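Engineer: In case you want the letters, here they are:
2 protein chains.
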Amino acid sequence: IGGTHSKAVLVSAEGHILAETDGPCTNHWLVGVDNCINGINDMVQRAKIKAGLDPDTPVCSLGMSLSGGEQKAAIQKLIDDMRERYPKLSQSYFITTDAIGAMATASDYGGIVVISGTGSNCKLVNPDGTQVGCGGWGHMMGDEGSAYWISHLAIKMVFDARDNLVTSPHDITYVKKAMEEYFQVSDLMGMLPHLYRNFQKSHFAGFCRKLAEGGDAGDALCQHVFTEAGRALGRHIVAVLPKVHQDLFSGELGLPVLCVGSVWRSWELMKSGFTQVLSEAQARGYSHFQKYSLLTLRQSSALGGAKMGAQNAGASLPLDYSANVNMFFSHTFNQ
Amino acid sequence: IGGTHSKAVLVSAEGHILAETDGPCTNHWLVGVDNCINGINDMVQRAKIKAGLDPDTPVCSLGMSLSGGEQKAAIQKLIDDMRERYPKLSQSYFITTDAIGAMATASDYGGIVVISGTGSNCKLVNPDGTQVGCGGWGHMMGDEGSAYWISHLAIKMVFDARDNLVTSPHDITYVKKAMEEYFQVSDLMGMLPHLYRNFQKSHFAGFCRKLAEGGDAGDALCQHVFTEAGRALGRHIVAVLPKVHQDLFSGELGLPVLCVGSVWRSWELMKSGFTQVLSEAQARGYSHFQKYSLLTLRQSSALGGAKMGAQNAGASLPLDYSANVNMFFSHTFNQ
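Chains A and B, in that order, give the protein sequences. Every number in my numbering is 1034 more than the matching position in the first sequence, counting from 1. Every number in my numbering is 1034 more than the matching position in the second sequence, counting from 1.
The shape of chain A in the complex, shown without the other chains (with noise of 0.2 Å):
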């Protein structure tokens, strides 16, 4: 469960994916608790009928790794209007968060995710389940190096240079044509009902995939705001850095960083950024920090939402992690 999508993924005892459906943004912070939990269910009574099952017949336990799943109130919450409202869905409910989602389906002995999709979040998992996060809080108190923040902070140059408040580090042009383009806007006062009456995340959060283009395409101000996202990324990583345990650094993979959402497809402008801010921390003295790996998912991260459902429910899923990864990055510092 997303900011922005939604993805279901029904896996048989054996541990096969029997079937996969996707649905819209779920969460419940975004959308309310109603249209979070009839998207769920829609998105499961679909994923049984696509495997050629019974859907008046409830899974065994259903599994979910959602982006503000950390308030246990709200999740008890949502858990108990499920329950009530479909008897149908499943006998067993576990709610995690989208990092440990991720972290589950990667590996069993931890590692550090970096979620940037629609917002942003990090958790360190250590090898003995202890967790650390940084982040997280949504847009309002965070989110830094997510598809919100770049998109706000380009915009955000566009309105200071207009006011004379802050000067652009470079030209805003194509920027704010984009913006005006993707909002549909005319001038800067057209914004307000994107950013108050008609306020969407997701819509908004959007915005970053036109910056992407632009940096692809060489503008140097949407490469500006990618930098920036991949600083404040690597920021995420350095906060948890002391609280690694000794022996996540010394795998052959050195620290591994599992890095999720869609934001990391522009992995490319984010990297110089990125790799200075760990360098930076890493010659502040961390000596048994010499190499980090960047990793990818090649599953949902709901896989590992389904796995710890499963375990909750007193059942193991055999998942194969080295078929769920793939290393785009990794970087050895020098002695």
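Any given hint could turn out to be false.
Identical copies carry no separate label here, and so any pair may be met within one copy or between two of them.
[Said to hold, decoys possible] SDA-like mimics (lysine to any residue), calculated; alpha carbons at most 20 Å apart, straight line:
{"id": "1", "residue 1": "Lys1190", "residue 2": "Met1223"}
{"id": "2", "residue 1": "Lys1106", "residue 2": "Met1225"}
{"id": "3", "residue 1": "Lys1190", "residue 2": "Glu1214"}
{"id": "4", "residue 1": "Lys1277", "residue 2": "Arg1196"}
{"id": "5", "residue 1": "Lys1190", "residue 2": "Tyr1216"}
No lab work stands behind these hints: they were computed from the structure. Quick caveat: nothing in here was measured; it's all calculated off a predicted structure.
Fit chain B to the given chain A structure using the hints.
Structural biologist: Frame of chain A, contents of chain B only:
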């Protein structure tokens, strides 16, 4: 019409205030068009009754000065809706921004208005009536130096310290405790409903009062956020400085800066940041910028709104400007 309170003044043709009434926030961006219109009608009708006038007789002119009063289509809709829904309210209608309403209360010669209440905004009005703005885009795209922004900055520092994302420049103990008390939460997770599902800008901004108390009592982090607010408000003035007409510098007060909104009550906490930013800008080469004075209104800026409304309806309200303002700070730069 502010982001937290509203005020109505009923003025006779001779410029005498017949009645004043108060109301809640009636900013249409924040409370919606219906609440806005109902709130305004209610205040004006109560003012008529308070002045011993027949509430069924429309006033000659209703002049409104409101935050968010710049989008032409939106304010025309407000006026059309008021006319249709409350035909006994007024014969003519006029809407301007809170900044311009404040300026019209203080002077007919111009100056710079800097609003810092729930939100913030800055407007230069030159002697020839031309205007140049900076800010006023609301909390999603600015509001720098406002009560909302100060509250957010302080709370963000608590989040960032918890996440080890940014090291706070000062001890967060007071701010964290004040936040937990003001918002009635026991941890950061508890803040999420205040930021999203139940977000109310004016309530969020109200936390600024606790920070002002902390600053007055000597808490370094509270003092820090107000110094930053002073800097931010100073930068708004610097942003419009290149467009200030030469004549505005040369009066007895030097550049007149009209300071509106409750955050200015904490001037002593903001002073060092504010004066520093202005001195730096002056040193960068505004040789005709030798002096500035900060003024505050002794009357509600609704009075200026009423004056402009009357003007728009073909009448002129004689106002004694000197009785409407107080000077609270003046600075002459070293030659």
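Engineer: Are the hints correct? Go through all of them and say.
Structural biologist: Against the structure, the hints:
no.: 1; hint: Lys1190 x Met1223; result: within (13 Å within a copy, 27 Å between copies)
no.: 2; hint: Lys1106 x Met1225; result: between (36 Å within a copy, 14 Å between copies)
no.: 3; hint: Lys1190 x Glu1214; result: within (14 Å within a copy, 31 Å between copies)
no.: 4; hint: Lys1277 x Arg1196; result: between (43 Å within a copy, 13 Å between copies)
no.: 5; hint: Lys1190 x Tyr1216; result: within (15 Å within a copy, 30 Å between copies)
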